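2 protein chains.
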Amino acid sequence: MSGEEEFHVKWSEFNDNLLACLRCLWEEEQFIDVTLACDGVQFKAHKLLLSASSDFFAKLLRENPCRHPIILFSDVFYKDLESILHFLYHGEVFIESSRLSHFFTLAEAMQIKGLTTDSE
Amino acid sequence: MSGEEEFHVKWSEFNDNLLACLRCLWEEEQFIDVTLACDGVQFKAHKLLLSASSDFFAKLLRENPCRHPIILFSDVFYKDLESILHFLYHGEVFIESSRLSHFFTLAEAMQIKGLTTDSE
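Protein sequence lines, in the order shown, are assigned to chains A and B.
1 is the number of the first residue of the first sequence in UniProt numbering; add one for each residue after it.
1 is the number of the first residue of the second sequence in UniProt numbering; add one for each residue after it.
Please keep in mind that the hints were generated in silico from the structure rather than gathered at the bench.
All of these numbers come straight from a predicted model, not from anything done at the bench.
All C-beta atoms in this analysis are idealised placements derived from N, C-alpha and C, irrespective of residue type, glycine included.
Honestly, I wouldn't trust all of these hints.
Examples of chain B residues toward chain A, derived with CB under 10 Å [to be verified]:
hint, residue
1, V9
2, E108
3, K113
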């Protein structure tokens, strides 16, 4: 406005710090607003994080604006869902060789960005 | 487990993609759960993002577990709050020279990581 000089304020470590803090809030179960259940196990998560990296979750959660939905997956082994969640918060995960195909099948079904050929 | 071989699945663009998607959800006002108001203007945001980068917001929102709180700031000019929010989602912001000191005073009060000497 009015040709006034502007200063650029930038934090070089912003990305790394923000992601580390989001992981921290996840581990401490702070501001949790969705529960994923399968195979007798429950996992807590944030709608925002799931929706940012998965069109499947984005659509599901947008269309069901429940305050704290519990999403139950039948026919999913808890280790595969655990690995998907770890990937969504860390961008990487270690998978036992015998579970690789199950993991990628679930990732495809959940349209996980970075793991699927196309997240349509 | 059982000495089975593990595969490392990693997405190199995870950080950039996740942050771009979070900004997108903010701009589209998806999964909004907190409103900041000052100076006759309202700003929508996510508790999770505010809490990740500000100990002030983390404490305030943890201690007041309202579903969608409206936080009213008196004596705050809307441009300064707008700049803080932009910084929280982008890690950078342009500030008019005449507002620099107001911006940093507000950042200090809100204990914004990366902008304060110490976020105690």
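These are the hints, each one checked on the structure:
1. V9: 5 Å, holds
2. E108: 13 Å, violated
3. K113: Since chain A brings a Cβ to about 6 Å from B/K113, closer than 10 Å, the hint holds.
This entry does not satisfy hint 2, going by the numbered hints stated previously; all others are met.
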